[in-house]
Amino acid sequence: MRLKHIILTSCLLSSTLAMAELPQDSRRPGGIAVIPLSSDITQVTFQHKPVLISQEGHQRYAVVGIPLATPLGSVQLDTNKAPIQIEVKSYPYAEQRIKVTNQDYVNPNQSQLDRYAQEAKEQNDIYSSFTQSSWQSLPKFIRPTSGKFTNSFGRKRFFNGEERAPHSGLDIPAPVGQKVVAPADGIVVQTGHYFFNGKTVLIDHGQGLISMFCHLSQIKVEKGQRIHQGEVLGLVGKTGRVTGPHLHWGMSLNNARVDPQLFLNRTQ
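807 is the number of the first residue of the sequence shown in my numbering; add one for each residue after it.
Incorrect hints may appear among the rest.
[Stated by the list, open to error] Once the Cα atoms are required to be at most 25 Å apart in a straight line, the calculated BS3-like pairs of lysine-lysine come out as: (1) K1026 - K962; (2) K887 - K927; (3) K946 - K887; (4) K1044 - K946; (5) K1029 - K1044; (6) K887 - K962; (7) K985 - K855; (8) K962 - K1044; (9) K985 - K927.
[To be verified] Simulated DEER-style distance windows between Cβ atoms: (10) D831 - A923: 33 to 39 Å; (11) K895 - S943: 44 to 50 Å; (12) P842 - G1036: 26 to 32 Å.
Since the hints were derived computationally from the structure, they do not count as laboratory data. All C-beta atoms in this analysis are idealised placements derived from N, C-alpha and C, irrespective of residue type, glycine included.
Please take these sequences and the hints and turn them into a complete structure.
The following block contains the structure:
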């Protein structure tokens, strides 16, 4: 009986360790669903987009990004076997009212709108991509820079009283020039100086998982470069539409913008 207890305890411990690198399961708009898969399921899609699959020990998991615009209630994932239903629940996102002195960032002219449309297309093409990963188990993520999180993800925003899209990233206030590092290994798939986002770096971590770093003062990497966790990609700045220096850290999973904090250990 004691031997059975030891074996069971060992199995439970192994299961806990195996789950350590998976993001937090939070089935809400802008959240992530972490779903254990049976051995015969090898492909999963959500809203016609391929879903990341991570091997954790002897168990595989679908790691699904839930778009901020997803209606509450039951939604379906398709697989090479039977569909999977998950329940999307409400979440109390706050509102944020921002005063912007440069009116170009509130009501851009046609030339600026054309520029933004081209930049948005570039970014959306990257978010929609799905590349093979160099890993089987989803790697652990670290904070890209030091500073207090503002819990700004998902906030409904009003610029000078005018409603805009919910905030799709996490803001980390920090001084200009503070180092920003890669939260996990990946490939730099885009760098640029964008109208709203300022100086920006995008990293592809594999299987539709993309990270984005905006408002930088300097970019320290080049497109196509392989970057490792902890390596410097740029410096905190205040370029683009900002009210002060900070890092905007965004995460996209199967083309859904999701809360970056879900990828971090709760002690970080």
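Hints, one by one, checked against the model:
1. Under the criterion of a C-alpha separation no larger than 25 Å, the hint pairing K1026 with K962 is inconsistent with the structure, at around 32 Å.
2. For the given pair, K887 sits about 34 Å from K927 by alpha-carbon distance, which is inconsistent with the 25 Å threshold.
3. As the CA atoms of K946 and K887 are separated by approximately 29 Å, the hinted pair breaks the 25 Å bound.
4. For the hint pairing K1044 with K946, the CA-to-CA distance comes to about 28 Å; that exceeds 25 Å, so the pair is violated.
5. For a cut-off of 25 Å, the pair hint linking K1029 to K1044 stands: about 22 Å separates their Cα positions.
6. Between K887 and K962 the alpha-carbon distance is near 38 Å, which puts this suggested pair outside the 25 Å criterion.
7. With a CA separation close to 34 Å, the supplied pair K985 and K855 exceeds the 25 Å bound.
8. Straight-line distance between C-alpha atoms of K962 and K1044 comes to about 21 Å, which keeps the hinted pair within the 25 Å bound.
9. Restraint check for K985 and K927: the C-alpha separation of about 28 Å exceeds 25 Å, so the hint is violated.
10. For the pair D831 and A923, the beta carbons lie near 35 Å from each other, so the given range of 33 to 39 Å is met.
11. Checked against the given bound of 44 to 50 Å, the beta carbons of K895 and S943, roughly 28 Å apart, lie outside it.
12. Between P842 and G1036, the C-beta spacing of about 30 Å keeps the proposed range 26 to 32 Å intact.
Of the numbered hints listed earlier, those contradicted by the structure are 1, 2, 3, 4, 6, 7, 9 and 11.
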